[in-house]
Structures are given as C-alpha cells and as structure tokens.
Amino acid sequence: MASQNTAAVPTLPEERTAAQGAFGFTKPQFLTFLLLLAFLVGAPFAGLYPVFLMKLLCFGLFACAFNLLIGYVGLLSFGHAAYFGMGGYIAGHMAKVVGLSPELAILAGGAVAAGLGAVFGWIAIRRQGIYFAMITLALAQMVYFFCVQAPFTGGEDGIQAIPRGKLFGLIDLSPDLSMYWVVAAVFLIGFLLIHRIVHSPFGQVMKAIRENEPRATSLGYRTDDYKLVAFILSSALAGVAGATKSLVFGIATLTDVHWAMSGEVVLMTLVGGLGTVFGPVVGAAVIVTMQNYLAEMGAWVTVIQGGIFVACVLAFRRGILGEIAARLRVKL
Amino acid sequence: MTTTRRGLLATGAAAAMLPVPLSRARAQANTIRIGVMNDQSGPYRDIAGPNGVIMAQIAAQEFGNRGFTVEVIGADHQNRPDVGVNLARQWYDQGVDMILDVPTSSVGLAVNNVAREKNKAYINVGAATSDLTGPQCSPNTAHWVYDTYMLAKSTGGAMVRAGGDSWFFITADYAFGHALERDTGNFVRAAGGRVMGQVRYPFPATSDFSSFILQAQASRAKVIGLANAGADTINSIKQIAEFGLTRRGGVKIAALLMFIADVHGLGLETGQGLVMTESFYWDLNDRSRAFSRRVQPRLNNRHMPNMVTAGNYSATLHYLKAVADMGVPASKASGIEVLNRMKAMPIEDEAFGRGTLRQDGRVLIPSYLFEVKSPGESSGPWDYMKLLQTTPAEEAFRPLAEGNCPLVRS
Chain R
1 MASQNTAAVP
11 TLPEERTAAQ
21 GAFGFTKPQF
31 LTFLLLLAFL
41 VGAPFAGLYP
51 VFLMKLLCFG
61 LFACAFNLLI
71 GYVGLLSFGH
81 AAYFGMGGYI
91 AGHMAKVVGL
101 SPELAILAGG
111 AVAAGLGAVF
121 GWIAIRRQGI
131 YFAMITLALA
141 QMVYFFCVQA
151 PFTGGEDGIQ
161 AIPRGKLFGL
171 IDLSPDLSMY
181 WVVAAVFLIG
191 FLLIHRIVHS
201 PFGQVMKAIR
211 ENEPRATSLG
221 YRTDDYKLVA
231 FILSSALAGV
241 AGATKSLVFG
251 IATLTDVHWA
261 MSGEVVLMTL
271 VGGLGTVFGP
281 VVGAAVIVTM
291 QNYLAEMGAW
301 VTVIQGGIFV
311 ACVLAFRRGI
321 LGEIAARLRV
331 KL
Chain B
1 MTTTRRGLLA
11 TGAAAAMLPV
21 PLSRARAQAN
31 TIRIGVMNDQ
41 SGPYRDIAGP
51 NGVIMAQIAA
61 QEFGNRGFTV
71 EVIGADHQNR
81 PDVGVNLARQ
91 WYDQGVDMIL
101 DVPTSSVGLA
111 VNNVAREKNK
121 AYINVGAATS
131 DLTGPQCSPN
141 TAHWVYDTYM
151 LAKSTGGAMV
161 RAGGDSWFFI
171 TADYAFGHAL
181 ERDTGNFVRA
191 AGGRVMGQVR
201 YPFPATSDFS
211 SFILQAQASR
221 AKVIGLANAG
231 ADTINSIKQI
241 AEFGLTRRGG
251 VKIAALLMFI
261 ADVHGLGLET
271 GQGLVMTESF
281 YWDLNDRSRA
291 FSRRVQPRLN
301 NRHMPNMVTA
311 GNYSATLHYL
321 KAVADMGVPA
331 SKASGIEVLN
341 RMKAMPIEDE
351 AFGRGTLRQD
361 GRVLIPSYLF
371 EVKSPGESSG
381 PWDYMKLLQT
391 TPAEEAFRPL
401 AEGNCPLVRS
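Protein sequences, first through last, are from chains R and B.
Using the UniProt record's numbering, the letters of the first sequence map in sequence onto residues 1 to 332.
Using the UniProt record's numbering, the letters of the second sequence map in sequence onto residues 1 to 410.
Do not rely on the hints blindly, as some may be mistaken.
[Said to hold, decoys possible] The list that follows gives simulated cross-link-like pairs (lysine-lysine, DSS-like), each with its CA atoms no further than 25 Å apart:
1. B:LYS321 <-> R:LYS166
2. B:LYS222 <-> B:LYS238
3. B:LYS118 <-> R:LYS96
Simulated from the structure, these hints should not be mistaken for laboratory data.
Model the full assembly from the supplied sequences, consistent with the hints where possible.
Here it is in structure tokens:
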C-alpha cells in the first residue's frame, strides 16, 4: 500500500513540526482555533443576527471544502457549485417531501454530492490545469441545466418552504438559536475533519502531488487515486455545506448551482488565503458580510466586491490570512 | 502611479470612515416601517428598482402624519431567492412591518413563506406568478397589479377578439415559459383562435433566435407569442425587427411579459406594433395623467411611473390607510389582521382608480391590451401606447374558485 510509505514523502521542515500541538495544530493555529471557538460560542449573544451567522458558517465550510482541493492538491475545480447546490436540493427534497429528520437530510445531501463528485472527479482528474477547470465547469453546467429542468427542483422557484424539522426527532429547530448550534456543530466537525485530512499521511501525499506530481508518481504513489479521493471528500463536504444552508433558509435554488457560485467560492478562498487552514473561513466571512450588510447600497455591492478582489490580487496575493501569517512568520 | 499596499490600506480605511447610509435605526413604537425589496442592479432595475422605492416614499409623504410616522427603506435582492429570504427574515426580525414589491417570481414566493412564518404583512407588486394567490396563497399576502393569468387572458383572449386569431409561440424551455404558453394558448382557443405551433428554445443561454423566428414565419400565424421574459424578450423582439416580420409581413408580436420601461429601452423604431398587457398606463385618463405628471420629476431619469412603480404607490397608500384605521400597535402585532382590514376597505387612488382586494390576496383592477405606437404616431418620450381592448376588473383575473387557494372555502 502506497500510504504506508509516508516517510518517503517530501515535506517542508515547518510541516514536520506541524503535527505537534493539540489535534495536529501548531501553537498559532491552536490560538486561532480558540479564537474561532470563542467567536462561535459568543457571537449570537453579542447581538449578531443568528441567521446571518449561520449563512456565514455554511459558506465558511463550503470554502474550506473547496480549499481542500485547490489549496492542498492544487486542483482548481471551477464547478464546486454543482455539489453545493445539489446537496441543498437533495436535503431540501428529503426534508420536505420524504420527511427525513434534518441530520439525515444533511447526510443525504452530502452522500449524493459525494457520488456526484466521484463520477465528475473520475472524468476530470485525467486532465490538468486549465483543462481540469474547464471540464469541472462543463460538468457543473450540465448539473445546472438538469436542475432547471428536473421536476423535483422546482426550476426557477426552487424548493421552497423546506421545514427545519426536529433534530433526532426530538429537538425543534425552528427557533434560530437552536438551528445555530446545529450549524455550528456541523461547521466544526467539517472544519476539523478537513484539518485532520490535511495533516494525515494522506494529506502529506496530497501536498506532495501539489508540489510536484511526477515526483510523487516516481515515489510510487498512484496520484490519480489520491486526487480522486480528495475530490470526493471535497465535494461531499461542499454538499454538506449546501444541505445545511438549504435547511437554514428553508429554500434551495438555482443560485447555488449557478456557475457564479463556483466563482464566488474561488473569490472567498483567494481573499481569505489559499492553502491556509483558517483563510477560507475569513474569506467567506468577508464576502458574506459584504453581501449582507451592503445589500442596502444596491448596485454598489458588485462594484465593491470587484474592487476588493482587484485589491487582493494586486497587493495581497496570499490573501488576508496568508499575508498576516507571512508577516508573523507562522502558519495559520 | 504604483499601487502600494500601504496606499490601498489607507484608501480602504478612509472609505470605511465615510458615513454609510445604512438605515438600520431601531424600531420605534410609533413608526411604521416599510421595506421595499426589488432589483436595483439587474434586468428589472427599470421596472421596479430605485423608482419603486421613491414611489413608496411619495405615497408615505402624501399620506402625511396621522398619528404615526412612516419610514421607507429599500434594498436589492439581486433576483436571488436566498438573498431575498435572508433580507426578509432580517427585516421582519428588526422591526420592518411590511415588505413591498419583490419582483422575480422565485424571490416573491420565497418572501411569501417568510412573511407567513413571522405573521407580518407582505404586498407583492412586481412578481408575475399567479401561484401567490393560488396554491401558495397566504393570509399575510396581497398581490397587487398583475399576474401571469391576467397577462395570458388579456393578451390571448383580447388579442383574438382584435383579429389576431392564429398564434405561434416562441417559448423559453422552463416551467415559467411553459406555463405562460399553456395559459395563453388556452385563452386563444377559448376565444375561437388557433395555435399553429410552438418552438421551445434552451433557457437560459439562448441569444440567437433566428432559427426560431424562421419557424414562426413559416407557420404563417398572424401572431407570434413570446412566452419568455426579461433580456430574452428584448433580444427576440430586436431580432424579429431585423427580419422585418412586423413591418413587411403584417405579423403581430405579442410579448406576454413586458413593461413600458422595456419599450422605452428598445425605442419605438424596434418596438412598434408590439402588443402587450398592463394594468396601468400614465396616459390612460385625466387622473392617471395628473398623477404621473406630478410624480415624474421626482423619479430617476425622469421616468414615467409604470405598472409596478405605480403599484408600489397604490399599495403603500392602501396599507397605510388600513394601519391608520386599526392603530399602530394592532397592525404591528399581526400581519393577518392588517391584510383583513385591507380586504375590508375599497382601494381608491389616482393611479388605478377603484379596486378591491379579494379574499385570496388578489387585487382586482381592469387590465388593458396595448399596442406600441410607431415613431410617426408618437408625440414624444413616453407617448408609446394605443389602447386596443379593456378587460373589466371582474373578468381580468382568475376566478376565486379556480385558484386552488387553501384560504378559499368552497
């Protein structure tokens, strides 16, 4: 088995020490994680609007899932909205029509997204770079048109009035605060899972592929298998994020499968910091906050969003957290 | 000039210091807050958009202070149901008493669910879907100036009576297009006309309509019905004009979902001869002319009020009358009660004249079938329409019993 040969994987010196602190976090990462935890627990009591926080967490998880691919395997998937949106549709359908409880609906969304990711990944990983991106985009567009036409998605109207239901059949989730704790838990599980994947032997191989794929091949790794598994994991988590979002808002729509959503997640990851653990969360927070609090400024939202993107690309190419980490000479 | 990080940061910080006009004042006990949610950056900007907000403000000002103040705020839903739902929840949770306008059917229906959940008032003006007063009707919701049923009935039925008795449809291939085609086709047949055929084009992502137009031409139908919306409608009309069908062929184009603002954008040279249905036209009668001339100077780009922006005016006025009638605390407490009061009062304003609000939330007003004038017939900007047919208020909309609205007990 290839994965037993972890010692042979070329790793950077700093990454060897990374496996030390708690749960594989380095000290600065652990501090940041504590900050994140404190924010998660404290935010709803600090007067922040729970529905907004839930949206932020859903997109944060989505961006983290996307970052798993681009930041750690170096694969730019330009069709991640397909898994995000499909997860949402499946969860919505399961909760509304089939009547599953919310946790099962979310799992169903993640499972279907994983299946979709397995098929699409299997096709797409045969090519690299721009061709990979174009194939994922094309497949995602097929999903979009499927969603426009399929009867169960409701076409333009989407699946509306999705019930939040009762967690494990017991806890009523219709109050925003109860739902918030569920979303926070889903986010934390997903976030820690991604962190664990990245810092596992498997994650080391992923990073080796990102740095130099022919070399990883020459060391005896079947790189295609690794890429496919990473792709499936990423799409499954994106599906979970989409499923959670559709339960939060009670709606699953074409917006979430549209290619613009694929672009938005790229933007979030870039703004936050590619290949950093916390970057995508920060990026998602920035973009979602902008969309939310600037909505009253009308047409200016897109202009401001574009301006921020240009500023990031021009001056902060490592993203917000990437720049901070580089300045402090730590890994975040 | 080179771009430095420090410079960018400084500019960003300076920009953040600017006073941002975020009108998120806390809800005051004696203030009624109206949130106008519509498309301020996309394809429906000219139909609803900033002018829709201004019209609601004008209505609030003209209503005056009758023991309570009125605050009108606006926001862009970007035609995205998820943005709309989020905004609606936030507004209702933070003290907005009524949400107004909400064009784009998917967003309109989504906000409908939120209003019901929170028991607040919701008046939809801009969305087309007749489901709002049909299977998805809600005691918290009123639907103001038009819907797909009314458009199909007027454009389909009245058009046949005006001589256009053979039809061919160019249809956007998704649920909305199918529904529009089916409903209009039924009215054409009911009025004694014939449907010669239809062609469905992939939606979205079709911008070249030439092959569909050729099929329509080959059918020799007298009327080409455009069962689509927004940019698709504009594109197909422009291309039909390029083919010269309307000028040489004597074919009429019936746009099933179109607004005077679209005609303003197209120009009469391209738009002449188009047939469409609206429930408001500024030049309809003395009252609507006086009203429109009065508000026009205050609207962006000096637009004339259209069906949707005038609807925002009318809906705001009627809502405020009901609030004044039952008192601010009672109307803040229950959206259903406000809607019931609105249903009990006759609608009366300068823009639409008289109307009634039916049990299922449907506003009943007359609908008008218009033909777009040729450049020669028009005396200047906004003089665009000739009235062909009027459908009286009682007949314009879907009968109460046929809507499958759960609120209606047979």
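Hint compliance check: list the failing hint numbers for this structure, sorted ascending.
1
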